[in-house]
Amino acid sequence: MMTENTYPEISIQTADFSLADEVALLEQDNAIDGAVVTFTGRVRNKNEGKDVTSLTLEHYPGMTEKSLAKIICQAKERWRLGRVKVIHRVGELFIGDQIVFVGVTSKHRQDAFAANEFIMDYLKVQAPFWKKENTNQGEHWLDAKSSDEHKAAKW
Amino acid sequence: MMTENTYPEISIQTADFSLADEVALLEQDNAIDGAVVTFTGRVRNKNEGKDVTSLTLEHYPGMTEKSLAKIICQAKERWRLGRVKVIHRVGELFIGDQIVFVGVTSKHRQDAFAANEFIMDYLKVQAPFWKKENTNQGEHWLDAKSSDEHKAAKW
Amino acid sequence: MIKVVFFAALREQLDCSELSLSSEGIATIADLKAQLANKNEQWQQVFANGALLSAVNHDMVTSEQPIKSGDEVAFFPPVTGG
Amino acid sequence: MIKVVFFAALREQLDCSELSLSSEGIATIADLKAQLANKNEQWQQVFANGALLSAVNHDMVTSEQPIKSGDEVAFFPPVTGG
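As given, the protein sequences belong to chains A, B, C and D, one line each in that order.
Counting from 1, one number per residue, gives the positions in the first sequence under this note's numbering.
Counting from 1, one number per residue, gives the positions in the second sequence under this note's numbering.
Counting from 1, one number per residue, gives the positions in the third sequence under this note's numbering.
Counting from 1, one number per residue, gives the positions in the fourth sequence under this note's numbering.
Among the hints, erroneous ones may be present.
[To be verified] Once the Cα atoms are required to be at most 20 Å apart in a straight line, the calculated PhoX-like pairs of lysine-lysine come out as: (1) A:Lys132 with B:Lys132; (2) C:Lys68 with C:Lys33; (3) A:Lys132 with A:Lys70; (4) A:Lys50 with B:Lys132; (5) A:Lys154 with A:Lys76; (6) B:Lys107 with A:Lys107.
Calculated from the structure, these hints are not laboratory results.
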């Protein structure tokens with residue numbers, strides 16, 4: 001049975017999150033990791049020339065967690081990582097709101113940088129999230145970008 | 001004359017800093033940047049097999065700020081960056097203490113990741129900081145690592 | 001029975017988020033797609049989109065993927081999170 | 001006069017953090033190094049270290065760098081911050 005702790009490194013939530021709290025958890029009782037890299041993705045006010053008012057994030061519950069867990073596993077296979085946390089919000093989000101957080105610790109900075117970017121690049125093309133953009137010209141689903149495919153393929 | 005605001009993107013200080021406050025400043029009134037990448041370097045409890053008790057950080061006031069300003073300029077020339085902040089602490093620091101912070105915002109994540117890692121790689125080989133390690137086997141100045149030279153050279 | 005779920009633009013185009021159908025005569029994702037496309041012209045058009053992605057039991061798969069009764073199959077557009 | 005400053009392990013080895021000396025006969029960093037090494041055996045040994053870095057007026061320079069009266073010259077080991 002799935003419990004809340006099946007994927008302690010992953011959280012899909014409508015609520016906002018606190019960068020400070022998340023980093024504190026990554027660092028707590030962790031004196032062996034000298035490097036902490038975080039990525040935060042936020043809602044921008046412009047996209048492809050249109051004025052954005054909000055985004056609506058949909059996802060595929062169950063598959064989302066499974067795909068993110070797989071991505072995190074791959075990162076751990078490739079780099080010497082300490083702790084990892086991935087948070088992705090769903091529902092309606094407004095300008096400046098936090099959308100996604102990836103936090104990684106490692107003994108060494110190179111591993112932390114690479115693993116964090118790897119996780120984001122794969123999240124972008126494999127995790128089942130979809131964005132609907134609400135603009136002053138109406139709403140529409142965003143198209144996937146081929147540049148995201150290329151970024152993931154380069155690893 | 002040098003005033004406190006000569007290098008608003010750079011702070012060399014003995015005091016600790018707050019990751020949350022620094023990121024809040026990077027994001028404040030900034031609705032155009034969708035990506036925020038942070039690096040935090042911390043004092044590890046082990047280094048090359050020795051038990052570390054503390055580090056003493058020395059620097060060359062004046063040159064430190066100038067060299068970091070140059071590195072930030074180079075990063076801005078190479079990538080489309082929004083805001084940048086670099087903080088480096090000096091004096092005696094203990095296990096788990098924050099040593100260095102690099103925060104970068106950009107419209108796009110690839111630029112934010114690359115610029116942040118670039119700034120850290122160059123800080124490591126060009127900014128005049130020196131670490132003395134205090135261990136249970138006495139104190140000694142750390143040697144520069146050739147791997148750091150290689151990381152900076154790869155950009 | 002096979003459970004089929006749809007997401008995002010696809011769900012809106014079909015005006016359907018979930019359906020169940022018999023696994024009889026369906027060996028692969030390609031078979032299932034063909035059967036769904038057969039429903040009517042609107043569905044045919046939607047499933048003609050070669051960019052659609054499919055998942056079986058929460059794993060991304062290709063059209064050749066075998067499926068069986070009890071599986072949960074999902075169809076959706078390329079993902080755009082992050 | 002040229003102001004010369006030393007940092008970290010170098011400062012401790014020389015037991016000196018700062019000194020001033022006349023710019024007479026000193027055209028480059030290499031000249032300055034040679035004159036400092038000339039002080040005594042301890043200084044000679046320290047300045048024989050090829051890994052030492054030098055800066056003039058807060059910019060990293062090579063041994064060929066010209067220097068003049070009024071400059072601030074720094075010598076220090078490879079940096080280890082971050």
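Structure-inconsistent hints, enumerated in ascending order | 1, 3, 4, 6
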